[in-house]
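Protein chains: 2
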Amino acid sequence: MNAIDRLATLFSKLPGIGKKSASRLTYHILDGDPGYARLLAEQLAHLHEAIKRCSRCGSFTESDPCPICADPGRDNEVICVVERAQDVRVIEESKEFHGRFHVLGGLIAPLEGINPRDLAIGSLLNRVTQEYIREVILALNPTVEGDTTALYIQTILKDCSVEVTRLASGLPVGGDLEYADRLTLSRSFRGRVKL
Amino acid sequence: MNAIDRLATLFSKLPGIGKKSASRLTYHILDGDPGYARLLAEQLAHLHEAIKRCSRCGSFTESDPCPICADPGRDNEVICVVERAQDVRVIEESKEFHGRFHVLGGLIAPLEGINPRDLAIGSLLNRVTQEYIREVILALNPTVEGDTTALYIQTILKDCSVEVTRLASGLPVGGDLEYADRLTLSRSFRGRVKL
Chain A
1 MNAIDRLATL FSKLPGIGKK SASRLTYHIL DGDPGYARLL AEQLAHLHEA
51 IKRCSRCGSF TESDPCPICA DPGRDNEVIC VVERAQDVRV IEESKEFHGR
101 FHVLGGLIAP LEGINPRDLA IGSLLNRVTQ EYIREVILAL NPTVEGDTTA
151 LYIQTILKDC SVEVTRLASG LPVGGDLEYA DRLTLSRSFR GRVKL
Chain B
1 MNAIDRLATL FSKLPGIGKK SASRLTYHIL DGDPGYARLL AEQLAHLHEA
51 IKRCSRCGSF TESDPCPICA DPGRDNEVIC VVERAQDVRV IEESKEFHGR
101 FHVLGGLIAP LEGINPRDLA IGSLLNRVTQ EYIREVILAL NPTVEGDTTA
151 LYIQTILKDC SVEVTRLASG LPVGGDLEYA DRLTLSRSFR GRVKL
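Those sequence lines, one after another, are chains A and B. Okay, so the first sequence: first residue is 1 according to our numbering, each after it adds one. Okay, so the second sequence: first residue is 1 according to our numbering, each after it adds one.
Honestly, I wouldn't trust all of these hints.
With a straight-line Cα cutoff of 20 Å, these simulated EDC-like cross-link-like pairs (lysine to aspartate or glutamate) come out [what the hints assert, rightly or not]:
| # | chain 1 | residue 1 | chain 2 | residue 2 |
| --- | --- | --- | --- | --- |
| 1 | A | LYS19 | B | ASP87 |
| 2 | A | LYS52 | B | ASP31 |
| 3 | B | LYS20 | A | GLU92 |
| 4 | A | LYS52 | A | GLU83 |
| 5 | B | LYS52 | A | ASP31 |
| 6 | B | LYS19 | A | GLU93 |
| 7 | B | LYS20 | A | GLU93 |
| 8 | A | LYS95 | A | ASP75 |
| 9 | B | LYS52 | A | ASP33 |
Hints in this document: simulated from the structure, not taken from any laboratory.
Let's have the full structure, built from the sequences with the hints guiding it.
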């Protein structure tokens with residue numbers, strides 16, 4: 001196995017990159033500027049050193065606590081609970097939310113061996129009881145695992161005086177009724193709003 | 001810009017990888033084993049050092065001449081002309097060809113400023129006159145640029161006593177007439193074979 005094959009094999013382990021794409025990427029880099037390959041190598045080598053988990057919310061950060069937890073201008077009384085650290089960025093980009101975050105690190109999925117104790121649910125409970133939280137917004141995917149996890153967190157937080165809400169589920173904006181699946185349609189009926 | 005954004009920006013420069021995929025790859029690597037990131041970084045840093053161009057045929061190789069040019073068991077009298085070094089691998093994998101290769105490094109495309117003198121056509125002529133070549137097989141894409149380049153090479157080699165052939169163009173095996181475009185269909189008619 002030569003250097004081309006070794007790099008292509010590594011690329012093919014990435015999500016959404018098959019054998020052909022991996023080979024195409026490798027040749028593209030080989031055909032291109034060696035400076036680009038060097039830069040990419042440096043950033044990769046540096047990534048895990050530079051990026052840590054925020055000890056408070058669990059999101060990826062270069063400083064601890066993360067810029068969001070450290071920002072005094074954000075609403076201290078609302079926590080948005082997300083599955084993965086990358087979800088924080090998606091929500092930040094929407095500019096819809098101004099409170100704090102809490103990263104679970106996954107969703108409850110007993111068939112895959114992921115149980116509540118594998119997730120950052122205990123630390124969520126601690127934050128809710130210690131930080132005077134008014135509302136917990138569950139921003140979990142509308143999937144079976146997301147539903148299960150939402151229900152579990154709702155139960156755990158039942159005795160705290162905190163409102164637990166979940167992001168609305170329904171037709172995507174700009175979408176077409178014709179292409180909506182049955183479950184999405186059913187949820188959008190159940191969650192219909194008065195005009 | 002933090003380490004996540006820097007790596008995602010670099011990934012997004014690769015072909016077929018948009019902004020969303022680049023971010024997804026970055027988070028996947030960040031979520032995963034740091035050993036993988038280190039290996040990928042090493043291979044990338046090492047790639048341009050390890051892989052050179054064969055001084056004879058122009059294909060990518062770790063040794064010069066490349067294993068194909070150095071193999072005494074291959075047919076010395078047939079040269080297969082390809083556009084890019086990666087085409088050599090595709091043809092090698094088909095196990096259909098047992099001669100030598102010649103990499104042009106592109107196709108003639110005047111609108112993009114690629115002229116014959118930018119390609120390894122002079123060195124092809126040298127090889128044909130010096131190496132007792134019987135046949136030159138043009139394995140160029142059936143595109144306008146491929147056709148132009150094939151015609152040009154045919155003209156250049158007119159006075160050498162060498163047969164110039166080109167890969168057959170027509171319906172792909174397993175394909176369906178219904179989905180063939182007009183040009184492919186027209187070529188498959190013109191190139192029809194007697195049964």
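Here's how the hints hold up against the structure:
| no. | hint | in the structure |
| --- | --- | --- |
| 1 | A:LYS19 - B:ASP87 | holds, 15 Å |
| 2 | A:LYS52 - B:ASP31 | holds, 11 Å |
| 3 | B:LYS20 - A:GLU92 | holds, 15 Å |
| 4 | A:LYS52 - A:GLU83 | holds, 17 Å |
| 5 | B:LYS52 - A:ASP31 | holds, 11 Å |
| 6 | B:LYS19 - A:GLU93 | holds, 14 Å |
| 7 | B:LYS20 - A:GLU93 | holds, 13 Å |
| 8 | A:LYS95 - A:ASP75 | holds, 13 Å |
| 9 | B:LYS52 - A:ASP33 | holds, 14 Å |
Violated hints for the displayed structure: none, as all numbered hints are satisfied.
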